[in-house]
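Chains as they are written, first to last, in our numbering: chain A, 1 to 47; chain B, 1 to 224; chain C, 1 to 230.
Don't read these hints as lab results, they were simulated from the structure. A couple of the hints might just be wrong.
Pairwise CB distance ranges (calculated) [said to hold, decoys possible]: (1) C/ILE66 - B/SER28: 38 to 44 Å; (2) C/ASP214 - B/LEU13: 41 to 47 Å; (3) B/ASP24 - C/GLY9: 56 to 62 Å; (4) C/LEU182 - B/LEU34: 54 to 60 Å; (5) B/ARG161 - C/PHE5: 32 to 38 Å; (6) C/GLY59 - B/PRO131: 29 to 35 Å; (7) C/GLY59 - B/PRO93: 47 to 53 Å; (8) B/PRO93 - C/ASP214: 30 to 36 Å.
Derived DSS-like pairs (lysine-lysine); straight-line CA-CA distance at most 30 Å [claimed, not checked]: (9) A/LYS34 - C/LYS208; (10) A/LYS34 - C/LYS2; (11) C/LYS67 - C/LYS2.
All figures in this text were calculated on a predicted structure; none of them were measured in a lab. By construction, the Cβ of each residue, glycine as well, lies at the ideal position given by its N, Cα and C atoms.
So the chains spell out like this:
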Amino acid sequence: MSGNGRYLFAAYAVTWIIQITYLWTIVRRYARLKREIGELKKPGGSS
Amino acid sequence: MTAPTGITRVSLLKDLRLEWRSKDAINSMLFFSLLVVVVFSFSFDPTAEESRQIAGGLIWVAFLFAAVVALNQTWARELRNQVLDAYRVSPAPANSLFVAKVLGNFIFVSVLEALMTPLFIVFYRLRALGPAWQLLLVAVVGTWALVVNGTFFAAMSLRTRSREIMLPLLLFPISIPALLAMVQSTTAILNGEGARFWIVLLVTYDLVFTTVCLLLFETVLNAE
Amino acid sequence: MKRVFPILGVLTAILLSYALYMALVVAPTERTMGSVQRIFYYHVPSAWTAFILFFINFGASVFYLIKRNPAADIVALVTAEVGVVFCTVVLVTGPIWARPVWGIWWTWDMRLTSTLVLWLIYVSYLFLRRFSSSGETPLLAASLAVLGALCVPFVYFSIWFFRTQHPQPVMGGGGSIDPRMLHVLLINWLAFSCFAFLVCWSRYRLEKLQRDVDHAHAVESLLAPRGSVR
């Protein structure tokens, strides 16, 4: 029966891996955008 | 000002006439359909009893592929000649064009199916245990389901990247309930069982999706 | 407004931890399946959350078709994306649950199959959004969302009938549920709903920012003095 504990752990772990991965992509894109905005605001603008 | 049905008829006749003259698309699609049947026959070599169980699925997958090939060229001629821009500017109702295209595709795909079916019957030694006229009904209603959604998604895919792959990508998921119904009803009729639930489902599906596609086509045509 | 987000974040984290504790410790052990059954407390709330998100996507898409409101378009995009994420969780935890219980990874079980088709429909929606040219994307996506949502009853109905004709093991078991298990289930659902809300909110802010930046780029190249941008 405790062999099945592996599956329980796997299911819960996979759930959070999927969710955190998605959140991470949002955070990374957000950081990249913020950097881009910083460059846009520099005097002389981007090019 | 011509009535909407007039526009539909004119557009449909124009497409049919152009296709008949050039025979471009129809020839390649005929050959493609034949190839599909032959390839499937090599892949699955069942006994007569087994084939009654799987033929429904095989036939409709083959029809689906043939339909996609036909649908992909729905708007090709219009695109090449900037006809759609002219159509957007004209006061003609967009739905007339849509209905003409759907009918044209329906005729097209039906011809393909009519040619593939005898091959399937011969290669798989098929014999319907149930009433064969019901198979015709399923073919009509099922083909309409594929063609009405397919024409709509073909219009949607016009200005997307990877246009040709976009059409099946959009069409297949939404067609799954209809495909299930087509396959199950065909299998049921071949085996002499009742297919009424599936046929009713297909008819309902056709009604709902034809209505919504008609309502939304103008939006899609003019989207920019 | 700025402070609400972190506060909600902390509250949600606490709620999720509590819900996890409830699922692993407090909930009674199921008779036939043992502790594996506790996957239920993550599998089902994820499914319900996905359905709600797809429903909101439908509403936002209809609203966009009628009012052409850009915020509605962003809501539609966000709920579809997050909904697909939750749907993926359902499709992965389902087989992980099925394997020890039924010995097979997949059965064309009614619920799993319907969820798979739902996943396919909304992934195709995301592909359309990715591949269409940006001017027309909102309208096309909204149209597809309406068609997809209308397809859902057909999906469930057809698969239900198919399954009654060709019965197979039903995963997750049917029948009534122990009230204590229901309690834990609802707490996990509440926790995941709050989490989904925060994820949607983050994604919304990201998309809004992205569009503002794109707009700024577009305006800049329009206004650039002649000769400097070629």
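### Message
Of all the hints numbered above, which does this structure not satisfy? Sort the numbers upward.
### Response
When the structure is compared with the hints, numbers 6, 7 turn out to be violated.
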